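Line by line, the protein sequences are chains X and D.
Take 1304 as the starting number for the first sequence in this note's numbering and just add one per residue.
Take 824 as the starting number for the second sequence in this note's numbering and just add one per residue.
A hint or two may mislead.
Said to hold, decoys possible - DSSO-like cross-link-like pairs, simulated, lysine-lysine; straight-line CA separation at most 30 angstroms:
1. K1622/X <-> K1469/X
2. K1374/X <-> K1605/X
3. K898/D <-> K1416/X
4. K1376/X <-> K1475/X
5. K1638/X <-> K1416/X
6. K926/D <-> K1374/X
7. K1633/X <-> K1475/X
8. K1416/X <-> K909/D
9. K1498/X <-> K898/D
10. K909/D <-> K1498/X
11. K1640/X <-> K1469/X
12. K1374/X <-> K1467/X
13. K898/D <-> K1537/X
14. K1638/X <-> K1469/X
15. K1640/X <-> K1416/X
16. K1638/X <-> K1537/X
17. K1152/D <-> K926/D
18. K926/D <-> K1376/X
Just so you know, these hints were derived from the structure itself, not from any lab.
For clarity, every value in this text was computed on a predicted model and none was experimentally measured.
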Amino acid sequence: MFSSRAASIASRMYSTTAPSAAKVAVLGAAGGIGQPLSLLCKLSPHITELACYDVVGTPGVAADLSHCPTKSKTTGSLPDPEAGAWPVGGEGGLKAALTGADVVVIPAGVPRKPGMTRDDLFNTNASIVQTLVEGCAEHCPDAVLAIISNPVNSTVPIAAEVLKAKGVYNPKKVCGVTTLDVCRANTFLGEHMGKDPADVDVTVIGGHAGITILPLLSQTGATMTDEEREALTKRIQFGGDEVVQAKAGAGSATLSMAYAGYLFTENVLKAKAGATDVVMPAYVESNITEAEFFASPCKFGKDGVEEVLGFGEMSDYEKGWFDKMMPDLKAQIQKGKDFVA
Amino acid sequence: MFARTASVTAAVSRAFSSTAASQHKVAVLGAGGGIGQPMSLLLQLAGEVSELALYDVAPTAGIAADIGHCDSRAKCTGYTGEDLSKALDGADVVVIPAGVPRKPGMTRDDLFNTNASIVATLANACAQHAPNACLGIISNPVNSTVPICREVLRSAGVYNPQKLFGITTLDVVRSNKFVGDAMGWDPANVNVTVIGGHAGTTILPLLSQVQGLNLDDETLAALSHRIQFGGDEVVQAKDGAGSATLSMAHAGAKFTVSLLRALNGEANVTECTFVENDLTDAPFFATPVTLGRDGVDTVHPFGELSAFEQQNFEAMLPDLQAQAEKGIKFAQSL
């Protein structure tokens, strides 16, 4: 069963069975994505400890979140352990945030402004991700990394190279989060079909930038004219741009990204706790195409990605996009690898 | 079977409703702010919301586009400027977090000068464009802004005491969390009654009514104090960057969803909330209220107070009355 989204986020707040220990660290927790993402994590019954880390603001964010009525422990830390923490007097620093983490979600970095591609963020965000993943290599080498920082097509390969250099790379545990593309596809196709998007499930493959995002609308059974298919495909591919434009300089998707990032994280935790039906898309090291990293449905288990699944048949239209975008995807992957080399 | 996104709000609502999907429009006034944005996200994900209207003085088109990409059923639209009426048209519930937050050292009352006018303006718009909607007020100081709303709605001839609520849910949330932590209980299973108002000592958690809470007097007093000044705790920790936004977003969404469930006909939906009643000499007083299809269904007396609580009650009531009076006078001067 394809569960690209959590079957039930926080489905039973009053669960009588305590979850096994599940610590999530959010790196970039004080940012536009990080704050609402951390809120959803704090409200989740699947998480027993939430560590909020950022370069500013996390003691305040953690204090705020710590008032939410769930059992989980909340901490906030800054790079300098002496600079303050939550709880007051707590350990602080990246090490405290990461030690014992089962999942590390990384939304840290700067967002796009109108006219920018995700690739334009590379120069700033590449170093940020490198530094944070170095910390993960040292303090939580067994954690699943869920990377949100753009450009994901490059930052995931960066993460892999950093972990390889430290001798701790596990391809089953390094994922780029592409869930938002699926949410967008479901929403836009739902609108087209007059259906509740909650009842729509689109497989989206490839990468997480412009035309590297490839929604397999042909697999949904939805009827549409060629023009509608083109419009829907493009809308899904450039859904991020739609929000960047609408925010007119004030940022990119934060709230929907928080939701998507949380869905991804919750699914990873459910699989870790023993659920056997967790299948969702993830941008991971993959050999189902010529690209070294590729997003496709993945079965998750106790140790991260259990199996990278294929994506079935593409229509001729989709094959056209596939052929067009693969060189871009490969180039963006290489750019990430070259950055660390 | 839990719908994928409705279950997000299980953290917000207490039980998954199996009744047919309700059609309810919620308008958030102040949707672009620190509370407004995350609260709007939670509302978008709530199965009880079919339409979400976001309004703020700064453009909300971007936030609406963002939230609208979530694959839940609610339709989200952003409004700004002159389009307040469109945001309000057909709204069943209007939630108002608009206004400025505290900085360290400030009381909620220090916000009065700025926030009183904001709330009065928005209440007036509600009177014009959504006279039958339930209004949930978050803007501080709630002890004064709720009475302001009443006066504005009365002047417009549309005041309905069943439909005006000061949202004090965050005090309950804090109480449940702090009591849970103190006792090693899951806060999800704790339900503290918090009465009075929504500022400092006007917040009165009835810890004596919590079954099994066997703490000594000193600890109880410290716990009570921490609940009363929980807001200050966050203002301090944020060090000038604001006050509670994320926990307030949760609390605001929790109350709104409870209200929607009650409007939809669900029985036994009870929340502590700051409403007009005769329980005390204060015109508005937070107490457990059972919500129904018309808003307030039953205002419940708050039960027995311990000696400590009775002392606190008597000490704070004049403050609560004064803060209400301040709001009423302001509104009457408009």
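- Of all the hints given earlier, name the ones this structure violates by number, lowest first. Result: hints 1 and 12 break, sorted rising.
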